[in-house]
Amino acid sequence: MFDAITKYLSSNVSPGEAGSMFWATIYILIITAGISLSVIAMNWLERKILAHMQIRLGPMRVGPHGLLQPFADALKLLIKEDIIPQEADKFVFWSAPVVVTMTAFTTFLVVPFGPTHAVTDMNIGILFMLGVSSLGVLGIIMAGWSSNSHYPLMGSLRSSAQMVSYEIAMGLAIICAVLMTSLETGTGTLSMIGIVQSQASQHTWFIFKFFPLGFLAFAIFAIAMVAETNRAPFDLPEAESELVAGFHTEYSGFRWSLFFLAEYAAMLAVSSIAVTLWLGGWMRPFPNWLSGATWNAAFSLFPALTLFVLAGLCLLGTVRMPKIPQMKVQTMGLLIFGLLLGFIGLVLIIPGVRERVQDIYWFVVKVAFFMYLYIWYRGTFPRYRFDQLMKVGWKVLLPTGLAVLVATALWGLMPQLSSAILGVLR
Amino acid sequence: MKLKPLLRKMLLIDLIKGLKVTFNYQAPSEAITEQYPLERPVIFERFRGQPRLKVDPESGASMCIVCNLCALACPEQLIVVKGERNPVTKRKEPVSYTYDLSRCMFCGLCAEACATDALELTQDYEMALYSREGMVLDQAALERGQEPEKYVK
Chain Y
880 MFDAITKYLS SNVSPGEAGS MFWATIYILI ITAGISLSVI AMNWLERKIL
930 AHMQIRLGPM RVGPHGLLQP FADALKLLIK EDIIPQEADK FVFWSAPVVV
980 TMTAFTTFLV VPFGPTHAVT DMNIGILFML GVSSLGVLGI IMAGWSSNSH
1030 YPLMGSLRSS AQMVSYEIAM GLAIICAVLM TSLETGTGTL SMIGIVQSQA
1080 SQHTWFIFKF FPLGFLAFAI FAIAMVAETN RAPFDLPEAE SELVAGFHTE
1130 YSGFRWSLFF LAEYAAMLAV SSIAVTLWLG GWMRPFPNWL SGATWNAAFS
1180 LFPALTLFVL AGLCLLGTVR MPKIPQMKVQ TMGLLIFGLL LGFIGLVLII
1230 PGVRERVQDI YWFVVKVAFF MYLYIWYRGT FPRYRFDQLM KVGWKVLLPT
1280 GLAVLVATAL WGLMPQLSSA ILGVLR
Chain X
27 MKLKPLLRKM LLIDLIKGLK VTFNYQAPSE AITEQYPLER PVIFERFRGQ
77 PRLKVDPESG ASMCIVCNLC ALACPEQLIV VKGERNPVTK RKEPVSYTYD
127 LSRCMFCGLC AEACATDALE LTQDYEMALY SREGMVLDQA ALERGQEPEK
177 YVK
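If you read the protein sequences in the order shown, they are chains Y and X. Sequential numbering of the first sequence, starting at 880, is according to my numbering. Sequential numbering of the second sequence, starting at 27, is according to my numbering.
Treat each hint with caution, since some may be false.
[What the hints assert, rightly or not] With a straight-line Cα cutoff of 25 angstroms, these simulated SDA-like cross-link-like pairs (lysine to any residue) come out:
1) X/Lys35 - Y/Val1271
2) Y/Lys969 - Y/Ile958
3) X/Lys35 - Y/Arg1262
No wet-lab data here; the hints were simulated from the structure.
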């Protein structure tokens, strides 16, 4: 038993492949905790960034710069009364948030945070991810239907129509990336780790492959993924100004927070698909241009540097805090938080740790960029009308996706095609 | 469709322009939010807030001569003035002066009517109370004016 546990440490594959139940469980726990933490962080960041985009300040009172606001909100949601409408279908109403949350979290089974940092490496990884994440629609329809109310029903119907139509464009864009994996090696792969490895072996991120084509496929995916996760400007299912809150209007307290958690987990999941397929997954930037051992070492310092910068910002905040007795506790808290961040940064400088962590770091940085984009879109774009949404999905993204797919296939077959044509001519 | 608008649409130029605007607004110096109890707003000079009865800074006597003009000018009739002639100085002095803030709409007609500029509407604005008690200001309260509330967490 103990032998099997320690044996995994010397192997160089994900725990799923090694068949190590113990380490898979550990990975799942870590990933679940990490997602929950990042949802909390996203909650705060979204409110702050969105506020600044709207020339406001956002939360400022609970903790320094509102840092403790998400915790206060979570506490509030947990102790709120849990209301189930009298006419609601109790069982379905109860299970809908569970379904949504489970599907959102299950997708992370195959997300490759690094060459070995994934729960498992399925040979149908990307299919698994698409399949499970589209099950989330089921939960949303269940929530809308069982609430027995007009707004949730409208929201869930909109949501299902929207997700179905955008999944097609999304699928076409994904097929383009999968096609690109089969070039040069001859055998394609659907495994998430395999896709990143084929980007490594082709020495390019797929966004730059076949120049406009890879980028176009990525752009289609980037638009479709916003629609998939019901975020602005495609947030018709939960349009605040029209449908109160859409499919989760009747939900309150903890169930509502499950929906919230699932929405953000789904955003993280689709962002990690985009990162894996087009942005080189765990690979650091400029692997070709700035190659060599020195650059590798320099780039592996980035995780520690980021934490040092964050710690420095916290210490700066401590210094700039108003010197009044009411702020004493906050100042102390910020100081301790900054020192903690600095300490973690110091740990990340240790050579053994920093080589293992940098894969995860680059993956997380890329996903964080996408999360920022989500907030940015929300702060900028007004909501689409439903017919416009359908028009964009079916009349723009779908034909473009098909064209890009065909063009990618032809471009990939160029050597064989040209030799065949030449052979015929001879 | 013409080529130029079509290209604009395809390359999402307008959307990118919009993104740029919101990105630039993110600088903390752009924020116009005022953190009220910590930093107090700038009140304009002609703002009409809490009423105040002035006293003569040298003698400390009220500047009110109980002419009743403010009570007559008030459209809500919320000012009640009673006075007596002081036998020594031969001036009329207020015995009781009540001002019902709960009915006041801060039109400022009373301050305009005041013959000696004794009554004025100040720039103090923190007049919210938890009950109706204390809404009717007596002479002492009007002369004392309002202390700005300290921000206590």
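Going through the hints against the structure:
1. Of the supplied pair hints, the one linking X/Lys35 and Y/Val1271 holds, its CA atoms being roughly 12 angstroms apart against a limit of 25 angstroms.
2. The hinted pair formed by Y/Lys969 and Y/Ile958 meets the criterion: a straight-line CA distance of about 21 angstroms does not exceed 25 angstroms.
3. Our distance criterion of 25 angstroms between C-alpha atoms is met by X/Lys35 and Y/Arg1262, whose separation comes to about 17 angstroms.
Checked against the numbered hints given earlier, this structure breaks none of them.
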